[in-house]
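Asker: Given chain A, put chain B in place with the hints provided.
Chains as they are written, first to last, in my numbering: chain A, 922 to 1093; chain B, 89 to 192.
It should be emphasised that the hints constitute simulated quantities derived from the structure, not laboratory data. Do not rely on the hints blindly, as some may be mistaken.
Unchecked claim - Here are some of the chain B residues that sit facing chain A, going by a computed Cβ distance under 10 Å:
no., residue
1, 111
2, 164
3, 166
Glycine included, each C-beta is placed from N, C-alpha and C at the ideal position.
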Amino acid sequence: MMNGSTILFYLLAALTVSCGVLSISTRHIFRAAIYLLFSLIGVAGLYFWLAYEFIAAVQIVVYVGGIVVLIIFSIFLTQQAGEKLPRQRLDRKIWATLATFCGFALTLLQVWQHEFPPVIPQAPVTVRGIGEKMMSTEAGGYALPFEIISMLLLAAMVGCIVIALRSKPETK
Amino acid sequence: MMEPGLYHILFISTALFFTGVLGFLTRRNLITMLMSIELILNSVNLNFIAFNKYIWPGRMDGLFFTLFIIAIAAAEAAVAIAIIINLYRSSQSIDVNNAEDLKY
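Pulled out of the complex, with its shape left as it was, chain A reads as follows (with noise of 0.2 Å):
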């Protein structure tokens, strides 16, 4: 009854969320931080479990490489080291994990009211589908919004270089 792929599943299920549990309750950024980066990796394991390969490689390439680095980078620009966060108002606190746990038991509730249509098993998709579909400018191809994003990027990475050497001509 309980073959590998299941266990698998719920080993992987309970890493992301215990982790991200943990990353949002610890005081220490650094070690928020790290939890948040395991957590990451347990989606990307799931990815995977759901054999979505090509999406577990650029989950695992673009958060846990890159947006997980960038964080840590920023905690050691920010932060004094071994500091811990301050303490919040304990009826925000409680307040807050009321409302988010109402939140949460409604949407559960909503979700396992529905009947999902039963699933047709088909091909797994590959990547060159992916190439493909996403260079196609047929009707359903996603040229368009593979060229809108490159220009987004562009615009971020403008945007950062400006946000961060305003300050640079008023120390001069």
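Answerer: Using the frame of chain A, we list chain B on its own:
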């Protein structure tokens, strides 16, 4: 314990989403709030992939939405961290209460 399916993945993504929301509501440090946003975006990506696999297995639309969300999240994180470091330079703190001088 039963065979994992769509409902299990939806449970994980709901839990991740509301973890991110809770972090966003309780944290007062801009970097940790950015981490919460990353958790929320990941839960949405997981939803897209799960629906693509279990409801539209022949199509690739959910996969492309996930790819584009990952690209936008990378751009957003880079811009947010540039703003945070600039804010730290001017006010020596990245607490969200000090961020209100951004509007001047």
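Asker: Decide, hint by hint, whether the structure agrees.
Answerer: Each hint, compared with the structure:
1. 111: 3 Å, holds
2. 164: 8 Å, holds
3. 166: Hint on residue 166/B: holds, closest Cβ of chain A at ~5 Å, below 10 Å.
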